[in-house]
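**Student:** So the chains spell out like this:
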Amino acid sequence: MTPDHAIEVDALSRRFGAFTAVDAVSFDVGRGEIFGYLGANGAGKSTTIRMLCGLLAPTSGDAVVAGARVSTSPEAVKRNIGYMSQRFSLYPELKVRENLEFFGGAYGLFGRHLNTRIAETLDRVGLHGHAEDRTSSLPGGMRQRVALAGAILHEPGIVFLDEPTAGVDPVARRRFWSLIRELASAGTTIFVTTHYMDEAEYCARVGLMVAGRLPALDTPEGLKATYVPGDLFVLRGPGAHADDARARLLAVPGVVDVATMGAGLRARCAADAHVRGDALAAALPAEVEVEPDTASLEDVFLAVVDAEAQARGAARAFGEGD
Amino acid sequence: MRRFLIRVRAMAYKEALHIRRDPLTLYIGLVLPLIMLLLFGFGVSFDIDHIPLAVVDDDRSPESRALVDAFTAAHEFERKGSLDDADAAGDVFASGRAAAVLEIPEGYARALARGETAEVGLLLDAADASSTTAALVRADAMSRLATARVVASAVPGMSASGGLPVSAATWTRFNPAGRSALFLVPGVTAYVLALVAVLLTALAVAREWERGSMEQLFATPVGRLDIVVGKLLPYLAMGAVQVLLVLTAGAWVFGLPLRGNLLVLAIAAILFMLGMLGQGLLISVVTRNQMVATQASTLSSMLPSMLLSGFMFPIANMPWPLRALSHIVPARYFIAVLRGVLLKGNGWTELWPDLVALLAFAAFMVAVSTARFQRKLA
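So the sequence lines, in the order shown, correspond to chains H and X. The numbering of the first sequence is my numbering, which starts it at 1 and goes up by one. The numbering of the second sequence is my numbering, which starts it at 1001 and goes up by one.
One chain only, chain X, in its complex shape (with noise of 0.2 Å):
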């Protein structure tokens, strides 16, 4: 046992070494995070902002301008110019003038007066899905909300606040401004951490395959458990160093908050980090040659990570196949920590079940790679 913690030490503390005589581990490990976070945060980002909008008003009345007034305030819309006719919406959307045409029809403001619903189009420039989708609900939300003001001005004792639909509420429920930096800081917190551990330890144990260290280290009396052992905990404290840099730079960039339990994130960060280096080890002990396994990792760790983990698309709105597959792609339940932590405030209670499949997953790759590093040659 004693034998075991001096080889264990010697590893890890070589391995440690490495870590920080290296450039390269040293950026992967510590600025790419950072550079992938900022990326994802600021470039990424499904809130609509300051779409350009054209008006064609054929109505000239107070009410349509303060329609517009409304579609313009809160800056998702952002006025560009006017239209004579809708028919060239086209032309404005095909020059990147505009992105949406409001046309608001002759009789507008008489159909208002009359406490009927009025009718007014929207077009979108659909090129871009998920933004016009986005856009659709906000423009429903704010029509509703504008003309239920214009009714209540014109029509005595009716809630303003009546017309406001449900979908607009629910959207805003954890995430008050709407913000998709908050939802989406967590997702990349996990899919940039996948990645890199992954990675990293495939790189380290691959890299002394290629140079015949590793046959040198076998004809000495370290057993594979101390290489595993000895490999895994300088990049699981270098992951520790990520998580908290990622979430730092997290809740100062983009104002993350934390309203949860921080003892719950820390033990699934360690459990996910340790089920990611498992992966990357038994992807090095297989390929065994740092080429094979930087696109092995990358692919495994990335790919999941980022489509089958909740990161990008909800996973309830995935087709059954690719929900079922979800369930083995562990970033859904750091993600699921990560967010129930984060911005709901959650505990033990909620995340339990996350954290067991986070030490499933862990358990089974570090013993898969354990039992697959054969410390024989050939």
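With the rest of the complex left out, here is chain H (with noise of 0.2 Å):
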């Protein structure tokens, strides 16, 4: 294991019964990197990430985790690492403080340290003040900070999220990530599950998961280019409702893709052809609106969906059921 690397997998895989939930995933996450890990529900994230935290034992394949291996000591990584679940598991009868001095006790700290690391996630993650408050009584984004609060009060080198933002507002959310996005600056290497695409853009490197498969991992900037490439247009406006104006569009050189978007329609163009926005607009019988636009990770995500399925014969992308 190299030094900046965090977390090394190594053709990890977990079978229930017949049913391969996690087929032989290997990547490495450096140290203070953010690594986001996207897929649909059941794509096999969260199988994923509970072997990661030791929870689960691989079928076959190893991690190496913070130093020690999650097949032979998954004791040894549950000491090393935060983990923030699902269902932000936090007690909702037990007050803020009771519930970070219960999940600091479990990590072994007590008394004034203990007091102190409680005080100082407290106000990191910005609920200063809150200590006293009955958990059940704060809203989502503040209990799912009190649950990242627990999950990084003994300071481990990793953290793992799955899928934190689950059930929160947008401004929660977005609140959330700068969180997350300070621990990494501070050097805690974030390993975090979401289907939210646009959250993906927070990460430094992205690892796509379809069906217990990994197929794609990259920098978001690189998986755009790598899956969806060349110029992409908007339309909108009476040519673009034409019936015939899918057709159309696909006729002009260059044009590989054409979908709706909205009340319009999105037209990828290769990108050595070198398409116009006003060939586009020539091409329709009636008057549009016609505007660059930039491939989003959704884009990436239905590209890899799309090609795993073709490679596959069959698009079968459900999973173990999280």
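Because the hints were derived from the structure by calculation, they are not lab data. Take the hints with a grain of salt, since some may be wrong.
Listed below are several chain X residues computed to face chain H (Cβ distance under 10 Å; list not exhaustive) [as the list claims (entries may be wrong)]:
| no. | residue |
| --- | --- |
| 1 | 1021 |
| 2 | 1211 |
| 3 | 1220 |
Simulated DEER-style distance windows between Cβ atoms [to be verified]:
| no. | chain 1 | residue 1 | chain 2 | residue 2 | range |
| --- | --- | --- | --- | --- | --- |
| 4 | H | 111 | X | 1266 | 26 to 36 Å |
| 5 | H | 137 | X | 1318 | 32 to 42 Å |
| 6 | H | 41 | X | 1356 | 37 to 47 Å |
Which chain H residues face chain X? A few, computed with CB under 7 Å, are given here [unchecked claim]:
| no. | residue |
| --- | --- |
| 7 | 107 |
| 8 | 262 |
| 9 | 302 |
All values reported here derive from a predicted model rather than from experimental measurement. Each residue gets a CB set at the ideal place from its N, CA and C atoms; glycine is no exception.
Join the two chains into one complex using the hints; note that each chain is given alone, in its own frame.
**Tutor:** Structure below.
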């Protein structure tokens, strides 16, 4: 293991009976990196994260997390990581401070050191003054930050976040992500699963899971360049509503793909074709407004799922059900 | 080791907070045992008291009236009226006006005067079989007593107590008033403790599975032994409070005595509770679901503790398969200790086999539940 890798995953697999939830996945995560793990529900994200946290034994393959092998020394892994599960599992009838005291105690913190860490951590996640609040009385966004506080109380080198923003409003999500970035810039490695594509843009690198496999892994820009190459245009107006608009656009040389987007159409053109916006407008029978567009990770995701489905002959994206 | 203690302390403290904050747990833990004690103590009674009695006196002699007085003097039977004919008994029973009919035939006084045994008839409404049996025993004892007294007055020099049947004497040995509350309260104590201990731990652990906090717990360095010990300690403390509460209430409300070794009782209570808590833990570890855990714990603790422990039905009277089965019901041993210490004044010498049995059950349950406690998720 190289010292600059916080996580090294080597052909990690997990089967449940005949079903393969995670299929020979390999990747590395650098220290202080924000690593995003994307995929549809049931693609194997949670199973992967559980194996990396020492909660679930791999069927084959292995991973080294914070210097310890998950297959042979899961307890050593647990001591050195923080884990925030999908349903951030705080005890609602306990106060914020009591929840943190409990998780601190679980990691062997106690006494004055524990109290100092609780105060520091609450400050850090912006919950100063909420220590005595009953956890059940807090709004979802705040509860989520309490859960994060519980996961970083013992100053772990790596924090695993399993869909941390599920069910939290956009403002709280943004705030949470700025916390995550602060943590990472202070040197903590962040491994986060999500199915919000916009959140994945915050990650230094993104792995895309489809049906238990990891076919795509790169920076968000790299993924877009690989999977959604070329120029994108959005067309809006009466011309885009014509019945044969799609066919007409596809007939324009260089146009690779046309999809509906909102009330209009979105056309992807090969990069070397240098298609211009007015060429697209001219192909349509009525007036249309053309604007260049940029690729999103959602485009990447769809492209990857498509490519995988073609590679397998059929799209099978149902998983272990999380 | 120090880390283990820190983790156990954190678990136990958290669990204690849960208990304190959860009204349902407090209710099940502290109020329910008292309610059950009162319900069983007052409601379930094998005492025969104020059985409504109708009298058919065909003899109409001072002796026959003396017999009726003897029947009604101790309040076991209460005279509700007279009938002309014993054939009317069915109607009286059906209407509920009486549950017993005493028929004294003509010639009763004359038979006594000749020094013969006089026969009287007692018709009982056998719809309630257990009180019928108890009433028969009583009636038999009293008629013999009354007849003896009459015989004694007629034949000088005969002892009045000579006719007392043996069964009446044994009944009153450690329970002079023959009060079934005294017999039942130790049983209720074990029963309630079993039910509450199994139910509360089962719920406490199943809840963590359901909420998903168990997964969070498993991602920390907290080990299964930490979880088991941390979960059991606060409930053990709560169980100790329950025992004190129930026994105090038993003493106060039902006049339950304390005649034997209190230390033996305390040790037995702790071992019994450990076993029941372990059983609850095992149930929740296997079911991982509050609904199923509730049903499994009530069934597995309530029924054996009530039916196979000697609480309601004497073990000696059971058919042999049930008697054999009762050996693996821990409540059996705890009830034996409770009755022994409270009513009979027993100590180590008499009760050590029961303590050993309780220890074995507790060790088995805690060991199996800890072993079954998989810290992996799948």
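**Student:** Starting from the hint list further up, note which numbers the structure goes against and sort them upward.
**Tutor:** 5, 6, 8, 9
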